[in-house]
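Number of protein chains: 2
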Amino acid sequence: MTLPRLLARYRDQIKAGLADVLQGEGLLYAILRYHVGLEDERGVAGNHMGKLLRPSLVLFTAEQLAGKVNRALPAALGLELVHNFSLIHDDIQDGDRTRRGRPTVWSRFGVDQAINAGDLMQALAVSQALLAGKDAGQALLGATVEMIEGQGLDLDVEAKVVGVAPYLEMIDKKTGALIRCAFRLGAVVASAPAKIEKALLELGREMGRAFQIHDDLLGVWGDGAVTGKPQGSDIRCKKKTLPAAIAVSRASGAEQTLLRELYDKQALTDEDVKTVVGVMEQVGARQVGEQMVVDHLGQARAWLAKVPFSERGKEEMEELIDYLARRRR
Amino acid sequence: MTLPRLLARYRDQIKAGLADVLQGEGLLYAILRYHVGLEDERGVAGNHMGKLLRPSLVLFTAEQLAGKVNRALPAALGLELVHNFSLIHDDIQDGDRTRRGRPTVWSRFGVDQAINAGDLMQALAVSQALLAGKDAGQALLGATVEMIEGQGLDLDVEAKVVGVAPYLEMIDKKTGALIRCAFRLGAVVASAPAKIEKALLELGREMGRAFQIHDDLLGVWGDGAVTGKPQGSDIRCKKKTLPAAIAVSRASGAEQTLLRELYDKQALTDEDVKTVVGVMEQVGARQVGEQMVVDHLGQARAWLAKVPFSERGKEEMEELIDYLARRRR
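These protein sequence lines map, in sequence, to chains A and B. So in the numbering used here, spot 78 of the first sequence is number 78, and the numbers just go up one at a time. Count along the second sequence from 1, then add 1000; that gives the number in the numbering used here.
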């Protein structure tokens, strides 16, 4: 699958910016360069980076609204770094040993230094964003707070997610906050009027929902070799995914009891995971989820139509939306 | 020991400010209120806060230089929150189950939510500091980065600390960065000239060194019941403390070998810890450390003389310095 133009265009610029911000000396900076994919496991420069979706959206939005790519770069880098700091800490919490097919930070360097590395990355991130102005810094911090609140909710065993509404509330924070922030940062740098910013935030909300639901589906029915993340690990970690939310609310009688028993267990076996997947499939969680992705992407397109992007800009956004809907990792 | 006037004066104001910043809903905010000591273990409002040294220094400095206590408050709160976020994550890394005589966050709420709580507190901290201006925010972020670099150095098993010079370099980051930042934030809010800021930073450096060395000595020879932290836990965690740095550089022959063997062990027994303390005492680490505290406090007093504080202000700083030198926790 070729990378959409919107993601391909800014890639080198973002990569160079990240290399610049993370060039510090010592173990922690080496860990950060490894984590974002600037270096391989032997510290050799490489290209193992992710999609760079969020920073690309910042640059694209600023360019479309005011032609200001360079001024938006620090904000874009700050956002990508916040995203990456959260991944470092997520991997500890989920016990995931691989990400994008490479060992995670904690599994290579231990939990203690993974905590430090994430902490450092958060501070560097906000420092960067502030270079684009105080408003950009505050916008990034606001999104960071929301994202962590969502993460806290996700891991709160007391806060059960039953049904789709509370699930959407959680992912609007956990995942949506940073996607919306991408559009907000672009708008802030471009000094866009409030009405445009609002439409962009709605676009971001819909994209964020489609993105996370798609991710949740890949976690259960995707190919672990392609996603780079062991299949079923979300179930094993009892994460509050969409298939889980649907299964818990739709399953009835014996299955309901079975699910509760499994989710109360200390640790799930491979067999348990299979059982949970079976219930999810039986209640049609996969189809419901796929339809939700389609619906939210449709909403995203509707909001896109209201934003003063160029015709070509809108085309590129459509292309990105299609890509996100079809991606297999 | 009565609290020095400098710490007593701003206590209520800082407490009210913290309560305001941490009033959010949900588990994570409850964890943060518990951690800073605004609430007890049942969520009931209480007063279990620490010395509040850093924010008091921010307010005092701003007041002395320009009479601007209120404008400095968000910066002071931001600094205290950065300090506290680092404690939450430190306690995970050190495996410490108690702090100030209360269960640590990870031991009460688990490691996962302790990571989230610390992350959230860092973001809230910087957000606060930005309310005092972009310069205050950047100053706090700079200190945060340095502090985490120091923490990374402390936990880097490859980076051995032998001798006093590398030890001082490490604590100037790990502990000194936030103490210096207290004076810097006061100076920034007061728009003090560079020369005064420089003298204040030197004052902060000396205070930070005296403070950390005193802490290291308390960790080995203090009373666990008073410090609120189990005695010998620094040794058990193989932290790079002053007594350890002195022991490793002064011990000769058999003791040197013994120390290396012990520090290479996966886990130290109570007996091992006693052996290490024995070597520390034999090489005079305690006396050397106590003399260093006296020396750095003397240097601090010399820098204090160069700062344009009022006579009464200088008296209060002297009182604080004496207090820090004699504290037992």
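For the record, the hints were derived by calculation from the structure and aren't laboratory data. Here the structure is a predicted model, which is why all the values come from computation and not from measurement. Don't take each hint at face value.
Pairs of lysine-lysine residues, derived as DSS-like cross-links and limited to a Cα-Cα distance of at most 30 Å, are as follows [said to hold, decoys possible]:
#	chain 1	residue 1	chain 2	residue 2
1	B	Lys1198	A	Lys134
2	B	Lys1314	B	Lys1051
3	B	Lys1068	B	Lys1051
4	B	Lys1265	B	Lys1015
5	A	Lys15	B	Lys1134
6	A	Lys134	B	Lys1195
7	A	Lys306	A	Lys134
8	A	Lys195	B	Lys1134
9	B	Lys1195	B	Lys1134
10	B	Lys1198	B	Lys1238
11	B	Lys1051	B	Lys1015
12	B	Lys1265	B	Lys1195
13	B	Lys1265	B	Lys1134
14	B	Lys1134	A	Lys68
15	B	Lys1051	B	Lys1265
16	B	Lys1068	B	Lys1238
17	A	Lys15	A	Lys51
18	A	Lys15	A	Lys314
19	B	Lys1134	A	Lys134
20	A	Lys134	A	Lys15
21	B	Lys1314	B	Lys1068
22	A	Lys265	A	Lys51
23	B	Lys1068	B	Lys1265
24	A	Lys198	B	Lys1134
25	B	Lys1068	A	Lys134
26	A	Lys134	B	Lys1015
27	B	Lys1265	B	Lys1238
Stretch by stretch, here's where chain A covers chain B in the computed footprint (C-beta under 8 Å, at least three residues) [claimed, not checked]:
#	region
28	1121 to 1127
29	1144 to 1154
Even glycine gets a Cβ: it sits at the ideal position worked out from N, Cα and C.
Legend entry - Contradicted hints - numbers only: As far as the earlier hints go, 4, 10, 12, 13, 15, 16, 22 and 23 are violated by this structure, in ascending order.
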